[in-house]
Amino acid sequence: VILIFVLADAFGIKEKILTSNLITRLFGKGGIGISDSRMSAKLVYLAEVFRYHFGGSHLLHEFGYAHDLVLDTWDACGALPAVLICVFVIMSVRQLVGVLKNRSVSFGTRQMLLCAYLSFYAEFLIEPIIYGLMWMLSGFCLVCGASQSVLSANREKI
56 VILIFVLADA
66 FGIKEKILTS
76 NLITRLFGKG
86 GIGISDSRMS
96 AKLVYLAEVF
106 RYHFGGSHLL
116 HEFGYAHDLV
126 LDTWDACGAL
136 PAVLICVFVI
146 MSVRQLVGVL
156 KNRSVSFGTR
166 QMLLCAYLSF
176 YAEFLIEPII
186 YGLMWMLSGF
196 CLVCGASQSV
206 LSANREKI
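Heads up, the sequence shown is in our numbering, so the first residue is 56 and it goes up one at a time.
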């Protein structure tokens with residue numbers, strides 16, 4: 056029924072959907088993939104990031120945000136913090152896999168942690184976390200700590 060209303064453009068639904076913010080960001084100016092402004096910003100950052108090993112936000116002032124946790128960290132703080140962030144994210148993936156494989160952790164808890172981790176990882180790839188959303192990185196650290204606590208408590212039961 057909804058599809059019929061959309062195809063028939065009843066009540067202007069089709070026009071409202073096609074001009075919505077979501078559709079514009081996905082398929083409008085720039086489109087998906089390499090032509091997307093976020094992807095092009097990442098490519099510019101990857102080409103220029105090795106000029107500034109100690110950070111200093113030079114690329115931010117020149118090109119804008121990279122919209123990537125690691126690249127924005129490199130630009131703001133330098134190479135060492137960016138490497139440490141990479142190590143932390145890899146360790147968090149390893150921790151998540153450990154929680155998901157542990158059958159003594161309830162299914163609901165595993166499902167909740169998977170959703171939380173995936174949403175954080177998605178945000179880390181599309182938003183400038185270091186420059187404006189530090190609370191999100193702090194929240195991610197809190198979730199990592201909670202999942203480590205769940206993993207430790209369930210290891211003792213085995």
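Hints are not guaranteed to be accurate.
Keeping only pairs whose Cα atoms sit at most 25 Å apart, straight-line, the calculated SDA-like set for lysine to any residue is [said to hold, decoys possible]: (1) K71 to L58; (2) K97 to E182; (3) K97 to M167; (4) K97 to L58.
Pair ranges (Cβ atoms, derived) [said to hold, decoys possible]: (5) A208 to A134: 34 to 40 Å; (6) Q203 to D64: 31 to 37 Å; (7) A201 to I145: 15 to 21 Å; (8) V138 to A208: 41 to 47 Å; (9) G153 to A177: 18 to 24 Å; (10) A102 to K69: 28 to 34 Å; (11) S161 to K69: 57 to 63 Å; (12) S95 to A177: 15 to 21 Å; (13) I78 to H108: 37 to 43 Å; (14) A102 to I72: 15 to 21 Å; (15) I72 to C196: 17 to 23 Å.
Source of the hints: derived by calculation from the structure; they are not laboratory data.
All residues carry an ideal CB built from backbone N, CA and C; glycine is no exception.
The hints, checked one at a time:
1. K71 to L58: Measuring from Cα to Cα gives roughly 14 Å; hence the hint holds.
2. K97 to E182: Answer holds: K97 to E182 is near 11 Å, not above 25 Å.
3. K97 to M167: violated, 30 Å
4. K97 to L58: violated, 37 Å
5. A208 to A134: 34 to 40 Å: For A208 and A134 the Cβ distance comes to about 37 Å; the hint holds.
6. Q203 to D64: 31 to 37 Å: violated, 52 Å
7. A201 to I145: 15 to 21 Å: holds, 19 Å
8. V138 to A208: 41 to 47 Å: violated, 31 Å
9. G153 to A177: 18 to 24 Å: About 21 Å separates the Cβ atoms of G153 and A177, which means 18 to 24 Å holds.
10. A102 to K69: 28 to 34 Å: About 41 Å separates the Cβ atoms of A102 and K69, which means 28 to 34 Å is violated.
11. S161 to K69: 57 to 63 Å: violated, 44 Å
12. S95 to A177: 15 to 21 Å: holds, 19 Å
13. I78 to H108: 37 to 43 Å: Since the Cβ atoms of I78 and H108 sit about 41 Å apart, the hinted range of 37 to 43 Å holds.
14. A102 to I72: 15 to 21 Å: Violated - the Cβ-Cβ distance for A102 and I72, about 37 Å, lies outside 15 to 21 Å.
15. I72 to C196: 17 to 23 Å: Distance hint for I72, C196 is violated at roughly 38 Å.
Hint violations for this structure: numbers 3, 4, 6, 8, 10, 11, 14, 15, all remaining hints satisfied.
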